[in-house]
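There are 2 protein chains.
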Amino acid sequence: MSRWQPDARGRLERAALELYIERGFDQTTVAEIAERAGLTERTFFRHFADKREVLFGGAVILRDLFVTAVEQAPDGAAPIEAVAAALQASTPLFEERWDNVLRRQRVVVANPELQERELVKLATLASATADALRRRGVPDPAASLTAEAGIAVFKIAFERWIEEGGERKLSEMFRESLDELRTVTAAR
Amino acid sequence: MSRWQPDARGRLERAALELYIERGFDQTTVAEIAERAGLTERTFFRHFADKREVLFGGAVILRDLFVTAVEQAPDGAAPIEAVAAALQASTPLFEERWDNVLRRQRVVVANPELQERELVKLATLASATADALRRRGVPDPAASLTAEAGIAVFKIAFERWIEEGGERKLSEMFRESLDELRTVTAAR
Chain A
11 MSRWQPDARG
21 RLERAALELY
31 IERGFDQTTV
41 AEIAERAGLT
51 ERTFFRHFAD
61 KREVLFGGAV
71 ILRDLFVTAV
81 EQAPDGAAPI
91 EAVAAALQAS
101 TPLFEERWDN
111 VLRRQRVVVA
121 NPELQERELV
131 KLATLASATA
141 DALRRRGVPD
151 PAASLTAEAG
161 IAVFKIAFER
171 WIEEGGERKL
181 SEMFRESLDE
191 LRTVTAAR
Chain B
11 MSRWQPDARG
21 RLERAALELY
31 IERGFDQTTV
41 AEIAERAGLT
51 ERTFFRHFAD
61 KREVLFGGAV
71 ILRDLFVTAV
81 EQAPDGAAPI
91 EAVAAALQAS
101 TPLFEERWDN
111 VLRRQRVVVA
121 NPELQERELV
131 KLATLASATA
141 DALRRRGVPD
151 PAASLTAEAG
161 IAVFKIAFER
171 WIEEGGERKL
181 SEMFRESLDE
191 LRTVTAAR
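Protein chains in written order, with this note's numbering: chain A, 11 to 198; chain B, 11 to 198.
Do not rely on the hints blindly, as some may be mistaken.
For chains that are exact copies, the list does not tell them apart, and a pair is met inside one copy or across any two.
The calculated lysine to any residue pairs, modelled on SDA-like cross-linking and capped at a C-alpha distance of 20 Å, are [claimed, not checked]:
1) 179 x 62
2) 179 x 150
3) 179 x 78
4) 131 x 118
5) 131 x 186
Keep in mind that the hints were calculated from the coordinates and are not lab data. Source: prediction; values computed, not measured.
Put together the whole structure using the sequences plus the hints.
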């Protein structure tokens, strides 16, 4: 086996997701993932700290992407517009890898501990987004509330996108959910 | 020691919270809590399943209270009004026991595992609230988004209430945060 493996990370991720679905996350070992991918455990650990990172390694990328999008929104943009830009900026992350996104969701939904980890991920994302808004000069509680609203839209639209089998564009669903949130909060 | 202990539950809760702050949650045993309260371990377990339930036993009460308030909101009430009613209905739970609420918050904030449990509690609250809205005939995604918006308001206003030392009424802070959420989502 040559030392350099083309797309080792992608192969390991695919193998891991397949095994997590077939056997369950807890029952799968790193050795089995490496074997299924035709790679060594050592290669696995060059790409992932542990088998959970296969599922949550993307969280840091997502957070950086949100923070950058909020920071780079035009000066005059309202806080919610900056958050809307972050949502839009994140869509290629998911749309370009639909099969893996779908598999990952199945694995997370089937395991309470992973669901908790997902909640922590979203809370961290909300908190980083609120910080980025504060750096734009948005005061509290507007900064926290706008960030929480954005994460609520992310969560609900994303779940619907998966439920509907990814038939519509995620960007469209983010936009729609944000409009819906505007409508529901405005009603009295 | 007589078998009947006046306010055994309250004494156990107070003793537990004191010890969690003094020694840390992980370092405190049920035996120590019982001793501090001047009661037996057996009495502790008549009131709480384990030492974590001292902190999270209220979650079920809060959830039932939210669900009932949403279900009993007037027929013509908009979904967000039903959720606002749930927020208002919950305030006595916290305002009448400020000292314990404050201690509990200190314990949870100091322990990552308890913070995760708190996120799970809020997610469960959001999901039960969305279900109650659906039973009122609110379709999705409006039901989920309204519930998430309500929980965001709950979280942010509650944190601010604690930060400000409970000086203002929690009911007023819920109202203010909901208005603020309306304002931030409406902006473009």
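>> Which constraints among the numbered hints does this structure fail? Numbers only, ascending.
In response: 1, 3, 5
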